[in-house]
Amino acid sequence: MLSQNSRLRAMKSLLYSYYVDFKSFYGIYIGIMTGLLLSKFALSSSASGSSSLSAGLVSGVFMLPIAMIIITSNSELLKKFSFPVDRNMLVLSHIILILVLPVIMLLTSCGFHLLETLAAELTLSVAENFFYTWVITKDSFLVGFAMSYIIMVCIGGITWMVFSWFYRHKIATSVVCGTFLLALVYLRDFRDAFLKLINFIFYSPTPGILFLKLSAITLISFAAGYIPIKRMEVK
Amino acid sequence: MNAVILQNLVKRFGKKNALDNISLELPENCIVGLIGRNGAGKTTLLKTLAGYLRPTEGRVTVLGQQPFDNIRVLSDIVFMDDERYNDSAVLWDLVDQAALSYSRFDKVTALKLLDYFNIPVKSKIKKLSKGMKTLFSLVIALLSRSPLTMLDEPTIGLDAAHRKEFSSLLLKDYTNHPRTIIVSSHLISELEGLMEQAVLIDQGKLIFNKAIEDVQNYALYLSGHRRVLEELEGRHSIIYKESMGEMLVLGVVNSLSEEELRELESSGVEISAMSVQDVCVNLTATNKGGVLDVIAK
Numbered sequence: 001m002l003s004q005n006s007r008l009r010a011m012k013s014l015l016y017s018y019y020v021d022f023k024s025f026y027g028i029y030i031g032i033m034t035g036l037l038l039s040k041f042a043l044s045s046s047a048s049g050s051s052s053l054s055a056g057l058v059s060g061v062f063m064l065p066i067a068m069i070i071i072t073s074n075s076e077l078l079k080k081f082s083f084p085v086d087r088n089m090l091v092l093s094h095i096i097l098i099l100v101l102p103v104i105m106l107l108t109s110c111g112f113h114l115l116e117t118l119a120a121e122l123t124l125s126v127a128e129n130f131f132y133t134w135v136i137t138k139d140s141f142l143v144g145f146a147m148s149y150i151i152m153v154c155i156g157g158i159t160w161m162v163f164s165w166f167y168r169h170k171i172a173t174s175v176v177c178g179t180f181l182l183a184l185v186y187l188r189d190f191r192d193a194f195l196k197l198i199n200f201i202f203y204s205p206t207p208g209i210l211f212l213k214l215s216a217i218t219l220i221s222f223a224a225g226y227i228p229i230k231r232m233e234v235k
Numbered sequence: 001m002n003a004v005i006l007q008n009l010v011k012r013f014g015k016k017n018a019l020d021n022i023s024l025e026l027p028e029n030c031i032v033g034l035i036g037r038n039g040a041g042k043t044t045l046l047k048t049l050a051g052y053l054r055p056t057e058g059r060v061t062v063l064g065q066q067p068f069d070n071i072r073v074l075s076d077i078v079f080m081d082d083e084r085y086n087d088s089a090v091l092w093d094l095v096d097q098a099a100l101s102y103s104r105f106d107k108v109t110a111l112k113l114l115d116y117f118n119i120p121v122k123s124k125i126k127k128l129s130k131g132m133k134t135l136f137s138l139v140i141a142l143l144s145r146s147p148l149t150m151l152d153e154p155t156i157g158l159d160a161a162h163r164k165e166f167s168s169l170l171l172k173d174y175t176n177h178p179r180t181i182i183v184s185s186h187l188i189s190e191l192e193g194l195m196e197q198a199v200l201i202d203q204g205k206l207i208f209n210k211a212i213e214d215v216q217n218y219a220l221y222l223s224g225h226r227r228v229l230e231e232l233e234g235r236h237s238i239i240y241k242e243s244m245g246e247m248l249v250l251g252v253v254n255s256l257s258e259e260e261l262r263e264l265e266s267s268g269v270e271i272s273a274m275s276v277q278d279v280c281v282n283l284t285a286t287n288k289g290g291v292l293d294v295i296a297k
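Which chain is which? The protein sequence lines are L and Z, in order.
Per this note's numbering, the first sequence starts with residue 1, numbered consecutively.
Per this note's numbering, the second sequence starts with residue 1, numbered consecutively.
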């Protein structure tokens, strides 16, 4: 019971610290989205009903890995140990971030989508030379949301795993990644085999199968990234 | 019950032994001074107790359990180190986080103390001076009231007035809420009035773990004619020796009998107690002579 209380208290405290850290991250995301949409309306005489959703996905795909690179660094992990925490909790909180941040980002882009639609309708009612294309249906929206989500989670998970290893074992990880990249560039057979593997993984007859495959890759990334953090010392 | 038990603790970084076969026991509800020169292994020892580092060999028991990656123990430990907080963190958020983390944290008193020290809780850590950062970390660490409170160089950056207030605060809080407090510091003279037990380490090795009264009586300075004092060298353990012509000053481990002391006094030898600081300095002195010898060469 005592152990459960300690664990719960520590987890609350850790999540609170990440909530505080990610307030500014979310502010940057909102800033990017606002900037993209305002510039689109200000500079273009046409708009698409999916531009804010696309902008949300692209921003998320770039920002989430950057966040993962930062939170797995030694200096950031060290600061989390200012208050009681164990390594399992640290990994769990990172997984929660990888799973929750894309939802928040995508829901925010949906909010921007509503604003964009409203702004387009208003512009259409007052401007004669403004074109607005509406290409989203309910089904395509739901599939798009689910696929965008799992793509962001998968990229976030892989980045988290790679940098969890990199910061703990810089030389070994650099050698492995460097060798892999060189082989990809200079060895044709290796490159072809790798592309075949990618094609095999990502070729899917349905979005559902692709979702499952990406989920499996994410789970493997979580398991692989857990190992170096579990063993690390706080120096 | 002991708050800390170390059995043959070794911590190795590469080929270097940062902690070398340390065995000691620290009782509950006691202020312990952890003393040692720069690089002696004080911080490594504290980090091992705080569960940051895994022992290479030996066993560490803190509050009855091993601390590495053990949240049950870690939630009862606070390790104060002012470099550890995120620079962009707002103080208010850190106070809130401390209240979430430590079940015994006294938030009301913490805020009162921060106000007293003129530390603005709405500012960010990076906006604080070195001294203010230290004070903030001290307030969080002391008011967490953790059963094992570890303060690593807690007076660095503090002015004389704040150092005095820190001592008063620590003693008062300890009296009201007894617990094991380990304070590591170079300022031994300031710690002397606080600590009940002193642990001296040097080059990763334990030199002694004694009650402060025992350290205060550990050694004597004998100052007198070389002819009288040189006789003692074979019979007693000498930890300090300085020649000035025919005069000699010896630091002797206090194993002299009443009779020997009387004889020395009657031979014109001046006897004085060796301060705790001098005991620590003399016991950890290198064999390289003094820094003035280097300049003289």
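These are computed hints drawn from the structure, not numbers from a lab.
Do not take every clue at face value.
[Stated by the list, open to error] Residues of chain L placed beyond 12 Å of chain Z at every Cβ, according to the derived structure:
id, residue
1, A10
2, K40
3, L78
[Claimed, not checked] When the alpha-carbon atoms are kept at most 25 Å apart in a straight line, the in silico DSS-like pairs for lysine-lysine are as follows:
id, chain 1, residue 1, chain 2, residue 2
4, L, K235, Z, K172
5, Z, K210, L, K80
6, L, K235, Z, K205
7, Z, K15, L, K170
8, L, K230, Z, K130
9, Z, K122, L, K12
10, L, K23, Z, K107
11, L, K80, Z, K107
12, Z, K122, L, K79
13, L, K80, Z, K122
14, Z, K164, L, K23
15, L, K80, L, K230
16, Z, K172, Z, K124
17, Z, K130, L, K80
18, L, K12, Z, K107
19, Z, K205, L, K80
20, Z, K130, L, K235
21, L, K235, L, K196
22, L, K12, Z, K172
23, Z, K172, Z, K126
24, Z, K124, L, K79
25, Z, K205, L, K170
26, L, K79, Z, K210
27, L, K235, Z, K122
28, L, K23, L, K12
29, L, K79, L, K213
30, Z, K130, Z, K112
[As the list claims (entries may be wrong)] According to the in silico footprint, chain Z covers these stretches of chain L (three or more CB under 8 Å from chain Z):
id, stretch
31, 83 to 93
32, 119 to 128
Idealized CB from N, CA, C, for every residue including glycine.
For which of the previously enumerated hints does the structure constitute a violation, in increasing order of number? As far as the earlier hints go, 1, 3, 4, 5, 8, 14, 16, 19, 21, 22, 23, 25, 26, 27, 29, 32 are violated by this structure, in ascending order.
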